[in-house]
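Read off the chains here:
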Amino acid sequence: MIWGVLQFPGSCDERDALRACEIHGDGARLVWHESRDLDGVDGVVVPGGFSYGDYLRAGAIARFSPAMEAVAEAAAGGAPVIGICNGFQVLCEAGLLPGALLRNVELRFRCHQVELVEEGSGQRLSIPAKHGEGRYYAPEEMLDQLEANGQVAYRYADGHNSNGSVRDIAGVTNERGNVLGLMPHPEHAVDPLTGSTDGLRVFERMSRGALANQRLTKAPRG
Amino acid sequence: MTVGTPKYRELGLTDSEYELIVEKLGREPNDVELAMFSLLWSEHCAYKHSRKLLSKLPTEGKRVVMGPGENAGAVDVGSGYAVAFKVESHNHPSAVEPFQGAATGVGGIMRDVFAIGARPIALLDSLRFGELDSVRSRHLLDGAVRGIGHYGNSIGVATVGGEIYFEEPYEHNCLVNAMCIGFAKIEDMVRAAAAGPGNSIVLMGASTGRDGIGGASVLASAELGEGDDAKRPTVQIGDPFEESKLLECCLELLEKGLLVSLQDLGAAGLTSSAGEMASAGGVGIDIDVAKVPLREADMEPFEIMVSESQERMLAVVEPARVDEVRAICEKWQTGSATIGTVTEGGEIRILRGEEVVGEMPVEALVDGCPLYDLEPAAPEGWIYGNRETLAPGASAKDELLALLSAPSIASKRWAFEQYDSIVGSRTVRRPEQADAAVLQLPESGNAIAVSIDGNGRRVACDPYSGTIDAVLECAQNLACVGAEPLGLTNCLNFGNPEKPTGAWQLDRAISGLAEACRALGVPVVGGNVSLYNEGPDGPIYPTPVVAMVGELPDPAQVAGDAFVREGDAIGLIGPFEPNLAGSELAKQRGELKMGLPAPDVAAVAKACHTVRDAIRAGRLASAHDVSDGGLACALAESAIGGGIGCRVDLQHLRERGCSPEEALFGEGPGGFVVSGERATLEELGATLLGEVGGDEIEIAAGDRSLTVSLADAERAWRSLPAQAERDI
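Going down the list, the sequences are from chains A and B.
Residue numbers for the first sequence follow the numbering used here, so the first one is 154 and each next one is one higher.
Residue numbers for the second sequence follow the numbering used here, so the first one is 45 and each next one is one higher.
Treat the hints with care, since some could be wrong.
[Unchecked claim] Take a look, some chain B residues computed to stay more than 12 Å from chain A by CB distance:
(1) R163
(2) L303
(3) T545
(4) G579
[Stated by the list, open to error] Between beta-carbon pairs, the in silico distance windows are:
(5) Q266/A <-> E432/B: 54 to 60 Å
(6) R210/A <-> I427/B: 16 to 22 Å
(7) R210/A <-> S60/B: 29 to 35 Å
(8) D179/A <-> D177/B: 41 to 47 Å
(9) Q377/B <-> R329/A: 56 to 62 Å
(10) K650/B <-> G193/A: 53 to 59 Å
(11) L209/A <-> E67/B: 52 to 58 Å
[Unchecked claim] Partial list, computed: chain A residues near chain B (C-beta under 10 Å):
(12) D169
(13) D207
(14) Y208
(15) F217
(16) P219
(17) C264
(18) Q266
(19) E268
(20) P281
(21) G285
Calculated directly from the structure, the hints in this document are not laboratory data.
Every residue gets a Cβ at the ideal spot worked out from N, C-alpha and C, and that includes glycine.
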C-alpha cells in the first residue's frame, strides 16, 4: 500500500502523515497541490493544517487545486482517501463527504487527547484532536441518512465531544466507504513515544478496504 | 511632535548621540539617515546599556555551533545535527495590542531560527501579567494566548511548553517572551554575514507597508504611559500563512545551496538587517527603495527603510542564481525582488532610482553607538507593593488550597490546550506531563529537553541569588527528564537602566547569570535584552527569563512528574533549604521584603547529576522539582497528575531546623520530589518522606499538619479557566 500525501501552501501535518503512512504501509510520497500526478499511489491522505491560511473558509480554496481534482477522480474509482482535520474540511468543501465543520462551541482552538469510539465494533481509540473549527454539522435528515447508511465512522466517547459536534460525530465516510474524513489526528497516534498507537487502526481500516478490492486500488492516471 | 523639540530627540537620541552622528558623518544627517541611526542606536538594537555587562557571560563550550551575534544560538546534538534556539521579547507591542503583539513575537522568533537554516520544531513562551482580578490582565492574557496559538498553530510548529506568572508589577507592562527551537544539519546552516561585492540583495516574502514604523525606537525603548492607543499603528500585524510559505521557501533555497547568506527582518526592518549583514561581512550595501514591493505607493524612503512589516527575509545571492531563487519563491507563492547589491568599501547607500537619498558608513551606523556604563545603586528596601490576600490565621489546608489556586501555580492547561503541542511528531512529553518538554530527534537518534524559567519575584528580592535560582530551576527541570544541559539562552526583561535601582537589578542579575552558568558549565549561546519595562506605578519585577536545551540519549526512559504506583516510596533529593523569603506564601501574606538565602550551586549541580542518571537508568517512577509553593505544592502536583494521593511526613526537614510552614511552603533551589522503589531511593541518598497511595494528600508537619482530598486539591489547581475567562 503506497500512500500519497497532499501538500498545500499552509499544510502543517503533511510530514507527520507521511511518517504515519511509512510506519503503517509500504511507503508514501508527498503530492504537490499543483500536480495531478497520483501515479503509483494506492491511496491519498489530505493532511491537516491551514491550507491557504484557511482564509475565506477552512478548506474552501484548497478544494479547487489540481491535486484535489485528481483526488476526486481517484475517489470515484474507489481508491481510499483519508482527510484529517483540515483535510476533512477540504473533502467536505469538495463535496466528497457530507456535512460541514463549524467553529468549536467554545470558540477556542483546543489540542488534547480524545477518546473515540469506532462505530460498529465499539472499539475505543485514544487519538489527539487539535482544531478550532471541528464542530461537525449536517441537517437532521442528512444525519439520519448517514446513520442508516453506516456512514458515521467515529464518534467522540462520552465526555470527549468538546467541540460540540452533532450526535458526537468525529468522522464520516462517503456512501461507498472509501473516503473517510475525521477531525482527530490518527497520524499523531502511531508511535508509543508520543502517546498512542491507536491511529494505526484508522489507516488499517482504509487500506483493508482498498486491498479488498484490488481492481480499484490503482488511482487513474491524471 | 512637539514644536521646538529637535527631531532627533523625538526619535529617542540624546544631544550627545546626535553630535556624535554629525561628527561621524561630517555633516547633519538627512531624514532617512536620522531615522536609520535613531533605530540602530536605540537600546533595542544597540544594547547600549547592557552590552558591557553581557560580556561577563561565558559563551564557549565544546558543543557550541553558533554563539551570540548570530540570529540564533546553536548546539551540536551529534550525528552532524544541531539544535538552534533563541528567545526574544515582544513586551511593548503586546501591552498595546496583545493578540498581534504575541503573534508577531512568535513569527519573529521563528524567522531568527530559520534564518540560520534550521527548521523550527518547537515553540515555548514565557508570559507575565498583572493579577487576574484586573480586567486588563485578563484581556492581555486572553489576547496573548490567542495570538500565540493563532501564529504557532497555523504555521505548524508545536508549542511545547512555557510558563505564566501573574504579579501586580506587570499590570501596565506585561511580558511576552517567545522562544523557538530549530533543528538543522550542521552543514546546511548559514551565517548572516553579507559577502561577495557584486552579489545581489534579494528581499523575499511579504510586501512592505507602514505597519510597525518606529516600533523599535518609539515603542521598544521608551516607558509606557498614557496615550498608548495612539501607538497602535506601530504594532505589526502578523500573517502566519505568509510566514509558512516563506519558511518552506527559505529552507528549500538553503537546501539547494542557492543563498550566500540570509537574514530576517525584525526590529528596524531593512535598516537593521541590511546594516547588520554588511557589518558582519565587512562590506557595503546599496539598496534601491524604488525596487521594494510596497503596499502603499506613496511611502517615503525613510518609511521603507524602517518599516517593520512582518514575514520578510533578506538574502545575498550570486547574480547568476537570482533567477533560480525567484523561481522557487514563485513555487511557494511568496514575493521576491532584487533590491540592491553588495559593494566594496564600508558604505550603506540608500537610493531611490538614480538618486542617493542616504549614505552612511556601516561601522558608524551599526557599531558606532556609544556604550554606557550604568550607575547602579541598591534600593533602600522593598520598592514594590505588598498585598495581603490570605486571611490571617488560615489553616495549613486553606493555605495549600490558596497556593494551588494561585494563578501563577495553578495548572496552565487552559492556556496550553489552545496550542498545538504535537505537530511534527517529536513531542514525547507535552506540557505538564513532565518538568521539561521532551522532543525526540530520530535523525540523530536521541532527544532534547527544553525548559524556560524565571521567577521575577525572587529576582526582585535579590537579583543576584534570584537569577542563580532561575538558572538552577531550569537545570533541575532538565534533570527531571534525564537531560544534560548543552546551552542556555536568555531574555533579560528589566526596568529603566538609567535609574540607579534598574541599573543595580540588571548588573546583579547578569552577574548571577554568569556565575550560575560558569558553575554549571553551561555556555550562553545567545540572548535578548528588553529594558525600560516600566509603567506609571514603577518598574516591573526584574525578570531574567532563562531557557536551557539539554540532551538525553533515550526518550523512552523519560519519567513524568506524576506519581505512578500505589505503594511507591516518596523521597526528597538535593540540598533543599526551604525558606519563606520571596515565596508565594509570603506574597499572599503581604510579607515580601528584600533578601534571599544564597544558593549552593555546586550542591544543586550534584543533585541534578544524581536525578539525571537515575532517570536515564529508568530507576525512578517520577521526578518533579520543588518550585513555587514549596514541597506541599510539589507533592500535590505529583498526586493530582497521577490521580493518586500520598502520605508524607516532613519530620526530617523539621529536624534540620525548618519551621512547619517552611517545610510545607518554603521555596528555594535544589529540591526534587521523586517516587519509586524504597531501596532505590535509599541508594540514591534520598530522604524518605512517605508513600504514594489513597485519595488524600496527607502531610504531617507538626502543628501545621494537613489532609486535603485529592478532589479538593485538583479543583483548586484547575481553577485557572474560571479566573481567566471572567468577563471575556
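Here is how each hint holds up against the structure:
1. R163: violated (10 Å)
2. L303: holds (21 Å)
3. T545: holds (40 Å)
4. G579: holds (29 Å)
5. Q266/A <-> E432/B: 54 to 60 Å: Hint violated: Cβ distance 40 Å, outside 54 to 60 Å.
6. R210/A <-> I427/B: 16 to 22 Å: violated (52 Å)
7. R210/A <-> S60/B: 29 to 35 Å: violated (57 Å)
8. D179/A <-> D177/B: 41 to 47 Å: Given about 59 Å between the Cβ atoms, the range is violated.
9. Q377/B <-> R329/A: 56 to 62 Å: violated (34 Å)
10. K650/B <-> G193/A: 53 to 59 Å: Distance hint for K650/B, G193/A holds at roughly 58 Å.
11. L209/A <-> E67/B: 52 to 58 Å: Holds: the Cβ-Cβ distance is about 55 Å, inside 52 to 58 Å.
12. D169: holds (5 Å)
13. D207: Since chain B brings a Cβ to about 7 Å from D207/A, closer than 10 Å, the hint holds.
14. Y208: Since the shortest Cβ distance to chain B is 7 Å, the answer is holds.
15. F217: violated (14 Å)
16. P219: Given a least distance of 14 Å, the restraint on P219/A is violated.
17. C264: With a minimum Cβ separation of about 5 Å from chain B (threshold 10 Å), the hint on C264/A holds.
18. Q266: With a minimum Cβ separation of about 9 Å from chain B (threshold 10 Å), the hint on Q266/A holds.
19. E268: This interface hint is violated because 16 Å lies over the 10 Å limit.
20. P281: holds (6 Å)
21. G285: Nearest chain B Cβ about 8 Å off; hint holds.
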